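Under my numbering, the first residue of the sequence shown is numbered 95, with each subsequent residue one higher.
Derived by calculation from the structure, the hints in this document are not laboratory data. The structure displayed is predicted, hence computed values, not measured ones. Heads up, a few of these hints could be off.
Dumping the calculated DSS-like pairs for lysine-lysine here, alpha-carbon to alpha-carbon at most 30 Å [claimed, not checked]:
id : residue 1 : residue 2
1  : LYS139    : LYS168
2  : LYS110    : LYS139
3  : LYS168    : LYS110
4  : LYS166    : LYS110
5  : LYS166    : LYS102
6  : LYS102    : LYS139
7  : LYS139    : LYS166
Quick list of simulated restraints, FRET-style, between CB atoms [stated by the list, open to error]:
id : residue 1 : residue 2 : range
8  : GLU172    : THR136    : 33 to 41 Å
9  : VAL146    : ALA113    : 17 to 25 Å
10 : GLU172    : ASP132    : 26 to 34 Å
11 : ALA158    : HIS127    : 19 to 27 Å
12 : MET170    : GLY104    : 29 to 37 Å
13 : THR171    : ARG141    : 17 to 25 Å
Quick reminder that beta carbons are idealized off the backbone N, C-alpha and C, glycines included.
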Amino acid sequence: MRVELIYKPGCESYSKILASLQTVIAEERMPIHVELVDTGITAPKIRIDGNVEHESGIHTTIDALSDLLCRKWKEMTECVLAA
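Given the sequences, and given the hints that come with them, work out the whole structure.
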């Protein structure tokens with residue numbers, strides 16, 4: 095699973111989202127690396143496997159990010175196991 099944090103340098107909110115993502119990944123013991131993508135946009139976004147799944151300001155809590163990553167991880171692993 096590819097997780098990207100799209101951000102604008104100097105924006106404070108992306109560092110909070112990155113820290114939350116890293117916390118969730120560590121707590122859930124997922125072998126995921128978060129890639130930082132500087133696109134110069136104003137609001138951070140989380141892109142998973144090429145699809146924007148989360149935009150800053152909408153459910154940026156640890157619980158919301160945990161739900162998002164766990165749901166995507168489960169979808170991915172179920173597809174692999176079914177194949």
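Quick rundown of the hints versus the structure:
A hinted pair counts as satisfied when its Cα atoms are at most 30 Å apart, and LYS139 with LYS168 qualifies at roughly 21 Å. This hinted pair checks out: LYS110 and LYS139 have alpha carbons roughly 12 Å apart, not beyond 30 Å. Taken as a hint, the LYS168 and LYS110 pair is honoured in the structure, with Cα atoms around 25 Å apart against an allowance of 30 Å. Note on LYS166 and LYS110: the hinted pairing holds, with a Cα-Cα distance of about 21 Å set against a maximum of 30 Å.
A distance of roughly 25 Å separates the Cα atoms of LYS166 and LYS102; the hinted pair therefore holds under the 30 Å criterion. Pair hint LYS102 plus LYS139 holds up; C-alpha atoms about 10 Å apart against a cutoff of 30 Å. Of the supplied pair hints, the one linking LYS139 and LYS166 holds, its CA atoms being roughly 16 Å apart against a limit of 30 Å. The given range of 33 to 41 Å is respected by GLU172 and THR136, whose C-beta atoms sit roughly 35 Å from each other.
Judged by the Cβ atoms, the range 17 to 25 Å given for VAL146 and ALA113 holds: they are separated by roughly 20 Å. Between GLU172 and ASP132, the C-beta spacing of about 33 Å keeps the proposed range 26 to 34 Å intact. At roughly 21 Å, the beta carbons of ALA158 and HIS127 sit within the given window of 19 to 27 Å. Against the hinted window of 29 to 37 Å, the Cβ-Cβ separation of MET170 and GLY104 comes to about 33 Å, which satisfies the hint.
A hinted range of 17 to 25 Å holds for the C-beta pair THR171 and ARG141, which are about 19 Å apart.
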